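Chains as they are written, first to last, in my numbering: chain S, 1 to 171; chain W, 1 to 171.
It is worth saying that the hints were derived from the structure and are not from the lab. Note that the structure is predicted; figures quoted are calculated from it, not measured. Mixed in with the good hints there might be a few duds.
Straight-line alpha carbon distances no greater than 25 Å define the calculated DMTMM-like cross-link-like pairs of lysine to aspartate or glutamate that follow [said to hold, decoys possible]: (1) W:Lys144 - S:Asp131; (2) S:Lys132 - W:Glu97; (3) W:Lys99 - S:Glu97; (4) S:Lys164 - W:Glu151; (5) S:Lys164 - W:Glu150; (6) S:Lys144 - W:Asp131; (7) S:Lys166 - S:Asp18; (8) W:Lys99 - S:Glu85; (9) W:Lys132 - S:Asp133; (10) S:Lys132 - W:Glu143; (11) S:Lys99 - W:Glu63; (12) S:Lys164 - W:Glu143.
Here are the simulated distance ranges between beta carbons [unchecked claim]: (13) S:Ala66 - W:Lys140: 58 to 66 Å; (14) W:Tyr81 - S:Gly124: 18 to 26 Å; (15) W:Ala39 - S:Gly60: 28 to 36 Å.
Ideal placement from N, C-alpha and C gives every residue a C-beta, glycine not left out.
There are 2 protein chains.
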Amino acid sequence: MAKPPASNQNGFPPARHDHARCVARALEQAEGICAKRSAQFTGLRRQVLGIIWNSHSPIGAYEILAALSSRERRPAPPTVYRALEFLQAHGLVHRIESKNAYIGCAHLETAQHAGQFLMCRACGQTAEACDKDLSRAIQKLAEKSGFSLEEQTVELSGLCPACKSKNRHAA
Amino acid sequence: MAKPPASNQNGFPPARHDHARCVARALEQAEGICAKRSAQFTGLRRQVLGIIWNSHSPIGAYEILAALSSRERRPAPPTVYRALEFLQAHGLVHRIESKNAYIGCAHLETAQHAGQFLMCRACGQTAEACDKDLSRAIQKLAEKSGFSLEEQTVELSGLCPACKSKNRHAA
DNA sequence: CACCGTAATGTTATACTATAACATTAGATC
DNA sequence: GATCTAATGTTATAGTATAACATTACGGTG
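Based on the sequences and whatever the hints tell you, model everything.
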C-alpha cells in the first residue's frame with residue numbers, strides 16, 4: 001500500500017515535501033483508474049497530467065501547451081483541450097472556473113466528486129477540500145429551494161496558512 | 001416603501017411575474033446606493049444595468065454589447081467591460097465565473113456580500129441565495145484549514161423547480 | 001498477418017472573452 | 001469660462017476555447 005500523499009491536515013502541502021512522490025502517486029492512481037474503465041491512458045494524456053501535477057497551483061491550458069512544446073514538436077490548442085477533456089471526464093483533474101485553469105484531483109480515492117477549493121492569492125497553492133458539512137449545507141440549500149443539484153463550483157480565495165503568517169511578520 | 005421583489009420563497013422568480021417591477025426596483029436601488037457614495041450612476045451604466053436586469057439569467061459581455069448597439073452607435077468592448085467593472089465594484093452585479101456572464105444582484109439591501117447561485121441548466125434562470133448555514137460552513141472550513149478567506153465563488157448548477165417538474169411530466 | 005473500424009491525435013482556421021494604451025468628451029470646482 | 005478629473009470612445013491585441021476536417025495509431029476479427 002502506498003503511503004498517503006504529503007500534506008498537512010489543512011490540505012496544503014508542506015513548504016518542502018517530496019513532490020516527486022505526489023506526481024508519481026497521481027500518475028499511478030490515474031493509470032489504475034483508466035485501466036479499470038478500459039479508458040486509454042495514452043502517452044499524451046499522461047504527459048499532460050504530469051505537467052498539471054508539476055505544481056500544486058492551477059495551470060492554464062496555454063501554459064500546458066507551452067510545457068508540451070519543444071523544437072521538434074509544437075502541438076496546437078485542441079491537443080491540450082482534448083487531453084483536458086478526457087482527464088476531467090475521468091475525474092483526474094478539476095477546472096478552476098475563476099482562473100480558467102486546471103489542477104490535479106487530490107482525492108482520486110473518492111469517486112466522482114465536486115471539489116471545494118482553497119486558493120491562495122499570494123502563492124497560488126490550492127488545496128482541495130472535501131468537507132462533509134459544506135457539502136451538506138449545499139445539499140440542504142438545494143433541497144430548500146426545490147432545486148435539483150447536478151454540479152457545483154466552490155472556489156475560495158484568500159491566504160494560505162504559510163502566506164498568512166509571512167504577511168503577519170512583514171509590516 | 002417599495003414592495004418586495006417578485007419571487008418565490010425558493011429564490012426563483014415565478015414563471016409569470018411583473019418583471020418591469022424587478023427592473024425598476026433594481027435601478028432605483030442602484031441609484032440610491034450610488035448617490036449615497038457619490039459614485040456616478042451615468043446613463044451608460046444605468047443602461048448596462050438595465051440590460052442585465054432584462055432577464056433573470058446571466059448575460060455575457062458581448063451580448064450586452066449587442067444590446068447596446070444600434071445603427072448610430074456601436075460601442076467597443078471596453079465600454080461594456082468598464083461599466084461592468086463599476087457595477088461589480090459597487091455590488092450591483094455579480095459575475096458568474098462558470099459562465100463568463102453577469103447577473104444583477106438580488107440582495108442589494110445586504111451590503112457587500114458573496115453570492116451563492118443556483119443556476120438552471122435548462123432555462124438559465126438563476127437565483128441568488130444568501131444562505132447562513134452555507135456561509136457558516138464555508139467560514140468553518142476556512143478556519144479549520146488555517147485559511148484567511150477573502151473571496152468566494154459558489155455556483156450550483158442543476159434544474160430549477162419549474163424545469164424539474166416539466167421534465168418529470170415529459171419522458 | 002492483413003483488414004477494418006474506431007479512437008486518438010494533428011492541423012488549420014476561427015470564435016469568444018478580456019484588456020492595454022491612448023484620444024476625446026463631459027462634468028465638477030473654482 | 002479655465003482647469004482638472006472622471007468617463008467614454010477608439011484601435012489594437014492578448015488570452016481562452018472550439019469547429020471541422022485530415023491523418024495516424026490501435027484493437028479486434030477473419
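Hint check results:
1. W:Lys144 - S:Asp131: holds, 10 Å
2. S:Lys132 - W:Glu97: Between Lys132 of chain S and Glu97 of chain W the Cα gap is close to 24 Å, so the pair holds against 25 Å.
3. W:Lys99 - S:Glu97: Cα-Cα ~9 Å, so holds.
4. S:Lys164 - W:Glu151: Within the cut-off at roughly 15 Å; holds.
5. S:Lys164 - W:Glu150: Holds, at about 12 Å.
6. S:Lys144 - W:Asp131: At roughly 10 Å apart (the allowed maximum being 25 Å), Asp131 of chain W and Lys144 of chain S satisfy the hint.
7. S:Lys166 - S:Asp18: holds, 22 Å
8. W:Lys99 - S:Glu85: Holds. Lys99 of chain W to Glu85 of chain S sits at ~17 Å (cutoff 25 Å).
9. W:Lys132 - S:Asp133: holds, 13 Å
10. S:Lys132 - W:Glu143: Measuring from Cα to Cα gives roughly 15 Å; hence the hint holds.
11. S:Lys99 - W:Glu63: Holds, because 22 Å separates the two Cα atoms, which is no more than 25 Å.
12. S:Lys164 - W:Glu143: holds, 12 Å
13. S:Ala66 - W:Lys140: 58 to 66 Å: violated, 39 Å
14. W:Tyr81 - S:Gly124: 18 to 26 Å: holds, 25 Å
15. W:Ala39 - S:Gly60: 28 to 36 Å: For Gly60 of chain S against Ala39 of chain W, whose Cβ atoms are near 34 Å apart, the range 28 to 36 Å holds.
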